[in-house]
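S.K.: In the working numbering, the protein residues as written are 1 to 378.
If you are wondering where the hints come from, they were derived from the structure by calculation, not from laboratory data. A virtual CB, placed ideally from N, CA and C, is assigned to each residue, including glycine. A few of these clues could be false.
To be verified - List time: in silico DSS-like cross-link candidates among lysine-lysine, alpha-carbon distance up to 30 Å:
#1 K364 - K354
#2 K378 - K361
#3 K354 - K378
#4 K116 - K103
#5 K378 - K364
What the hints assert, rightly or not - Label-pair distances were calculated between CB atoms; the ranges are:
#6 K354 - R21: 38 to 44 Å
#7 D290 - P264: 22 to 28 Å
#8 S266 - G331: 34 to 40 Å
#9 A229 - S266: 41 to 47 Å
#10 A96 - I25: 41 to 47 Å
#11 E164 - Q52: 41 to 47 Å
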Amino acid sequence: MSILVDLSSQTLSWRTRWALRRNRILGSARFQAWAAKIPVFRSVARAKAAGQFDLIAGFVYTQITYIFVQSGLIGFLGETPRTLAEVTTFLEMPPAASERILKAAAALKLSESPQKGLWTLGETGAALSANEGAMAMIRHHALLYRDLADPLALMTQPGGNGSELSAFWTYASKGAGIEQGAAPYSELMRATQPMVWQQIIGQYPFDTHQRMLDIGGGSGAFAEAVGTATPDLELGIFDLPDVVPLAQARMAGTALAGRVSIHPGSFRTDPLPAGFDLITLIRIVHDHDDEPAQALLHACQQALPAGGRLLIVEPMAGTRGAEGMGEAYFGMYLWTMGSGRPRTMAENMRMAEKAGFSAIKELKTPLPMIAKALVATK
């Protein structure tokens with residue numbers, strides 16, 4: 001059965017008509033050859049060609065980056081300039097392979113040879129070396145890359161069906177203990193979540209609240225950061241029973257121990273703890289499909305007192321300058337994981353309104369491509 005849509009009875013908008021005309025022009029081999037020869041169009045043509053090649057070679061770039069990080073070469077080059085012989089010994093590879101990796105990384109500005117015979121970090125490599133969360137995700141992506149080996153087959157199945165990524169994130173359903181189940185998941189969250197919550201520390205007035213509950217708080221890193229910055233704030237952490245021992249261990253013996261209450265449970269089956277005038281969801285909502293995400297927001301609204309606030313911080317689709325991060329990266333990642341989808345700020349606001357919140361507004365963050373934030377009042 002054909003799935004083609006009959007356009008003869010539809011009125012096409014000017015944007016649609018423009019897109020069709022543009023595509024006919026850009027899709028013409030004659031036009032491309034002509035544009036490459038005309039000085040005024042040459043730079044545009046070259047940029048378009050480079051963009052096409054990046055689409056073709058992008059996976060190779062990620063694998064070069066994976067080698068650079070997983071092998072530890074990024075740290076090795078960051079300590080002091082190294083010779084090819086030293087790199088060869090470190091990598092335990094033939095000299096030709098080591099040199100190929102160094103030159104490939106240099107093309108991506110991960111490495112650099114500032115003088116003949118010596119190698120160090122390039123601009124991108126130096127910046128990456130300070131980003132523990134990004135490097136943790138690069139290592140973790142080995143699962144995603146294996147799942148995406150046949151993307152057509154992946155997308156014809158229900159999201160997460162038989163994927164390694166789904167198995168990684170659904171550790172709790174297997175009844176594994178801390179060592180076997182929650183530890184890898186929580187370690188990844190510990191390393192990567194600071195990239196997100198650092199976007200809100202200093203941007204939101206946590207000191208205007210008395211008690212804060214962090215849902216999906218994991219090992220308690222965000223609660224610890226907020227508690228350190230806000231000495232009078234009482235804190236709560238709500239997470240799965242397999243995870244909360246990590247938070248208990250983190251807080252034990254610290255100055256925060258007397259200010260933090262730990263609440264094991266699942267928002268899908270258990271009521272949220274009451275008595276908190278601020279509830280935070282840090283990179284939580286987009287991990288869930290619409291129905292459970294909406295149920296979570298409703299549960300938050302029910303648990304808050306009148307005037308209480310909900311704070312959502314996470315990467316969002318439609319972010320200017322980071323469109324690929326939303327629908328492309330997180331769209332595919334969450335499909336492979338088997339849960340959630342990227343949402344725009346407007347979509348999150350509508351969901352908060354549907355849950356019964358009012359005075360919903362966006363909070364500016366330093367790096368919106370990493371995370372946006374919204375606050376909603378009951």
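S.K.: Indicate, hint by hint, whether the structure satisfies it.
M.R.: We went through each hint and held it up to the structure:
Under the criterion of a C-alpha separation no larger than 30 Å, the hint pairing K364 with K354 is consistent with the structure, at around 23 Å. Restraint check for K378 and K361: the C-alpha separation of about 13 Å stays at or below 30 Å, so the hint holds. Restraint check: the Cα-Cα separation between K354 and K378 comes to about 12 Å, which is no more than 30 Å; the hinted pair holds. For the suggested pair K116 and K103, the alpha carbons sit about 13 Å apart, so the restraint of at most 30 Å is met.
Taken as a hint, the K378 and K364 pair is honoured in the structure, with Cα atoms around 21 Å apart against an allowance of 30 Å. Between K354 and R21 the beta carbons are some 39 Å apart, a value that agrees with the proposed interval 38 to 44 Å. A C-beta distance of roughly 26 Å is found between D290 and P264, which places it inside the suggested range of 22 to 28 Å. Checking the proposed 34 to 40 Å range against S266 and G331 shows it is violated: the Cβ atoms sit about 26 Å from each other.
The beta-carbon spacing between A229 and S266, approximately 29 Å, falls outside the hinted interval of 41 to 47 Å. The supplied range of 41 to 47 Å is met by A96 and I25, whose beta-carbon atoms lie about 45 Å from each other. In this structure, E164 and Q52 break the distance hint of 41 to 47 Å, their C-beta atoms being roughly 30 Å apart.
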